[in-house]
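Q: Those sequence lines, one after another, are chains A, B, C and D.
Residue numbers are given in my numbering: position 172 of the first sequence equals residue 1268, and the series is strictly consecutive.
Residue numbers are given in my numbering: position 62 of the second sequence equals residue 1158, and the series is strictly consecutive.
Residue numbers are given in my numbering: position 42 of the third sequence equals residue 152, and the series is strictly consecutive.
Residue numbers are given in my numbering: position 88 of the fourth sequence equals residue 198, and the series is strictly consecutive.
Just so you know, not all the hints are guaranteed correct.
As the list claims (entries may be wrong) - In the SDA-like style, the derived pairs of lysine to any residue whose C-alpha atoms are separated by at most 25 angstroms in a straight line are:
hint, chain 1, residue 1, chain 2, residue 2
1, C, Lys325, D, Glu350
2, C, Lys164, C, Asp247
3, C, Lys325, D, Arg349
4, D, Lys325, B, Ala1148
5, A, Lys1222, C, Glu241
6, D, Lys361, D, Val407
7, D, Lys361, D, Glu408
8, C, Lys164, C, Asp244
9, C, Lys124, D, Val407
10, C, Lys214, A, Ser1170
11, A, Lys1166, A, Ala1261
12, B, Lys1222, B, Ala1261
13, D, Lys325, C, Ile337
14, D, Lys325, C, Ser354
15, B, Lys1101, B, Asp1264
16, C, Lys361, D, Asn128
17, A, Lys1222, C, Glu263
18, D, Lys124, C, Asp244
19, B, Lys1166, D, Glu241
No lab work stands behind these hints: they were computed from the structure.
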Amino acid sequence: MTERKTTVTVPDLIAWLRRTGELMAEHAAELSDLDSAIGDGDHGTNMKRGFAAVAGVLDEDFETVDALLKRVGSTLVSSVGGASGPLYGTFYLRMGTSQKGATELDAASLLGAMSTGVEGIEARGKAGIGEKTMLDAWMPALEAFGRAGGSLADALRAGAEAAAAGRDATEPMVATKGRASYLGERSAGHIDPGAASTALIWQAAVETLAGGSDTGSDDGAAS
Amino acid sequence: MTERKTTVTVPDLIAWLRRTGELMAEHAAELSDLDSAIGDGDHGTNMKRGFAAVAGVLDEDFETVDALLKRVGSTLVSSVGGASGPLYGTFYLRMGTSQKGATELDAASLLGAMSTGVEGIEARGKAGIGEKTMLDAWMPALEAFGRAGGSLADALRAGAEAAAAGRDATEPMVATKGRASYLGERSAGHIDPGAASTALIWQAAVETLAGGSDTGSDDGAAS
Amino acid sequence: MTPVTKPCSVVPMKKLINSPDTVVADFLEGMALAHPTSLRIDHENRVVLRGTPKDEGKVAIVSGGGSGHEPLHGGYVGRGMLDAACAGEVFTSPVPDQMQAATKAVDRGAGVLYIVKNYTGDVMNFDMAAELADAEDDIAVRQVITNDDVAVEDSTFTAGRRGVGGTVLVEKIAGAAAEEGRSLEEVAEVAERVNACARSMGMALTPVTVPANGKPSFELGDDEIEIGIGIHGEPGRRREPVASAREIAEKLLDPILAELPGEGPVLLMVNGMGATPLIELYIMAKEASQVLAERGVEVSRHMVGELITSLDMAGCSITLLRLDDELTALWDAPVHSPALHWSADDIQE
Amino acid sequence: MTPVTKPCSVVPMKKLINSPDTVVADFLEGMALAHPTSLRIDHENRVVLRGTPKDEGKVAIVSGGGSGHEPLHGGYVGRGMLDAACAGEVFTSPVPDQMQAATKAVDRGAGVLYIVKNYTGDVMNFDMAAELADAEDDIAVRQVITNDDVAVEDSTFTAGRRGVGGTVLVEKIAGAAAEEGRSLEEVAEVAERVNACARSMGMALTPVTVPANGKPSFELGDDEIEIGIGIHGEPGRRREPVASAREIAEKLLDPILAELPGEGPVLLMVNGMGATPLIELYIMAKEASQVLAERGVEVSRHMVGELITSLDMAGCSITLLRLDDELTALWDAPVHSPALHWSADDIQE
Ligand SMILES: Nc1ncnc2c1ncn2[C@@H]1O[C@H](COP(=O)(O)OP(=O)(O)O)[C@@H](O)[C@H]1O
Ligand SMILES: Nc1ncnc2c1ncn2[C@@H]1O[C@H](COP(=O)(O)OP(=O)(O)O)[C@@H](O)[C@H]1O
Ligand SMILES: [Mg+2]
Ligand SMILES: [Mg+2]
Ligand SMILES: [Mg+2]
Ligand SMILES: [Mg+2]
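Extracted from the complex, chain A is given alone in its bound form (with noise of 0.2 angstroms):
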């Protein structure tokens, strides 16, 4: 077993949305059929050409987490538009700026920021949930991430079964909000492609922040 990480430093970060946006191309035809299904089936390409665009400025420098984030923010708001880009932009930014100067989180200042950052989704989406949206996969993966206790590898393990369970579980759900909503009740029995992306930054969480050579999580996108 290899060493024990209890804290995430800036270039752990970088490999986590590195390793993001490896997931996110490898899963970009998923993510798009799902948004097919239920929306305009742009999911995949936004998300990959947004982390693409992401990957292009991790090798700048950066000192601080906010540094990071704000500019990993300021990117995807820049170059992937539709809802996802301001949705996820702004994530990333609000988490940066809810840890201003830090240089490493440890296990509760991680999900501080992460919640800073779904509240930044909730502020510019006004969803809340169950109306499915990616929210649906965040909410229950901080929960659970907060409720792990143990270490941050468990706790990261505990917060991405939670985001693919969210995901999974928005597909009965009826939309109320974003393009699937204009399908009322036949956008029930189809994962939101959203929430399916959301499962896919857990599990690059896992695999690049929980230290070991453990994927622990499912495949992340639905199948």
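With chain A's structure known, arrange chains B, C and D with the ligands on it following the hints.
A: This is chains B, C and D with the ligands only, laid out in the frame that chain A set:
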């Protein structure tokens, strides 16, 4: 055996034209299919529309052959359009004017009238034999009719058979006139739609002008 | 030697494109080349601008949205209509940087009106741009969100009605109001009023194929049409058997009339979805005019064409705008854009 | 009871029409309703006329042809372009009666120019009309036959090159010349010159479905395109695998350039075949412009849009017209038709 006919009266010609219209309507899809292969796919609807318009004027009073045929020709010119409208229209117009004042036609004058009509087609369309047009049915038909000797019925049957053979002989030809000419070599291997409609005119002639119930020729359009 | 096995054959897309990745960039280059003097294009920011900016002191109008709806919005940039249009990726809202660049380029000191179609992404991206304009550039910005699509029935349980055909009318009339020299407040007010008086509904004969996906957005049988579609390949309200132009006109107009406010004459817009021949649109215009005549609605202005499209979707939408004297006069005012064009000496109708 | 057996199922057509038989009549009614003052339509003769006839003493211009090519020809009736357009059945030349009615309606004492696309049917029907105008109505008629399609290679073994995209340019420029008050001889001369200086070539991504037939005019595989098509669903010169916009631009431009006479700048027209999204046409405009730049050809005027179509065919055509100062000035002159519209105060480009 029914009475042997030696002349064609105005009512006979009306029956011929009516029957022609029925055959055009029955074979419209076939004619358009032939035209789709090497043209623009409207020959069947053109012929059907034109002879339906002709049927609409056949109840008027016609004292003479030329009054009837000129009315038919101008009706076709005014209702068909395309290449076949002026060509068939000119055929009946000239056929009529060649028989000023006649009230019936014997075999010789019928041949003369049709020959004048076909010269009109040649003059209007500036085509000759072997260019994969309706002339490739008209010309052998007239020749066979003229050569036949014997009864009017026999002559008509000979003409109809030659028209059908002429129609079939257009299949290997490369078109050098009309829309099919744009295809160059690719026009070979398809029967010319105008030759097929000419064969129908001859089939109708046999059925209505030859006397008796003999319908001699084959079904007139290519299968 | 092992035989070379063909890879799982991907049928190339039947589109006049070079690659799905370059669609928007190539399109904007084409626009720039085709309109070298009447338009100016900021390729870096993907903003279509007028060749000659409007006079100092007049309100500027910026719109934009995902690409794939051409001529909307870039084709409406010109005297009497838009000052700038921001082109997003296909069916994806543009990003705030684009709106910010456009805003800075077109502001003539009287403020900028954003015309935004009501989609979550568009609304959020324009919102962020408005915040930036206010905070960083000190330019007064007002936004009008268009939401005229009656196919979205229950707006409390949805993101609200979508902005569709009515957007073209808002852009035209707000453009005319701005050209008159009205204030930002006044231009925004008339734009709001057009939006409030416009209702639309669309239908599809075929789905749409987004270049990046390479496959149709939904399956539609050879004998089926989709009623109540949006402009992004979203499935519609319901699927039905193929119907006549007359029946389709009724299916679109009845829900529009049920929600159209006010009284009096209307503007009738018959719009093609991108792959609809003009001959069919005029047939729809005839049927729509006749249905309206039977319902006792007077049509005093008409517009027929492909005006707000959905890539290669075949189908149409109908928009009605309830007119009054002011809106009619603003509608009739000259417009000089690539896609909409009439001059002072044309008799309007 | 015997069960009701479904008849051999005919899939209804995916078109916005009422019935194949009423397509042209319905279309003309739609045009009349949509343009109540700028156009006047003689429904009996299927002739589209200007709402306000041109001044006495000016040459009038009549065109026409089969329907299915909208906006050609009816959409080009208006000040600065056509005086009348005769609408035939779909893909079928109009009949002489129509041209005769149009000729009588538009002659202002200076004679009438017929602009006729080179198809056997069109040529013969217009010929008969010209004979009638001369014999019965004593109106001076001149004819110009357009034949700009380089896809027809060997014009001695064919009915000659077809009239396609160049027809739009002939109609615009002859219209401007007539508006200037030139004589019939002079207007015919300039029309001939435009035709002689124009060359076109088209391609199809899909075949066309004529309403009366209800099935595609030819079969085209999912990965095939047809190069050198006409505008009536005729198959083309050859079939090829799907290619990029850039490659298609070369395939169309190289044969055009090989036959384009003269030297100097050109007008580039990129035309959609009826079901081609505008975004793709602008992409083609970009590629065509770039190919021409590489070949050393200067493009001084552009026109992009669906201008001469083939019902629901997807694909495009390119037309080049070699310009000189006179043709350029006539091109830039104002035009006020439903489909082509610019005014004196527009900067042409
Ligand atoms: N108001 C909202 N709040 C939170 N998430 C939202 C909201 N609207 C949409 N989303 C998320 O955005 C996803 C769609 O993103 P994307 O397809 O990239 O954008 P668009 O819908 O503009 O095409 C949805 O699956 C959903 O998870
Ligand atoms: N120059 C010509 N001379 C004689 N017949 C011709 C000529 N051009 C065409 N045709 C005949 O016309 C037929 C096509 O008629 P039709 O399809 O009705 O007209 P269009 O070609 O205008 O669509 C051809 O099959 C051919 O037989
Ligand atoms: Mg989407
Ligand atoms: Mg034909
Ligand atoms: Mg989108
Ligand atoms: Mg024809």
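Q: Of all the hints numbered above, which does this structure not satisfy? Sort the numbers upward.
A: Numbers 9, 11, 15, 18, in rising order.
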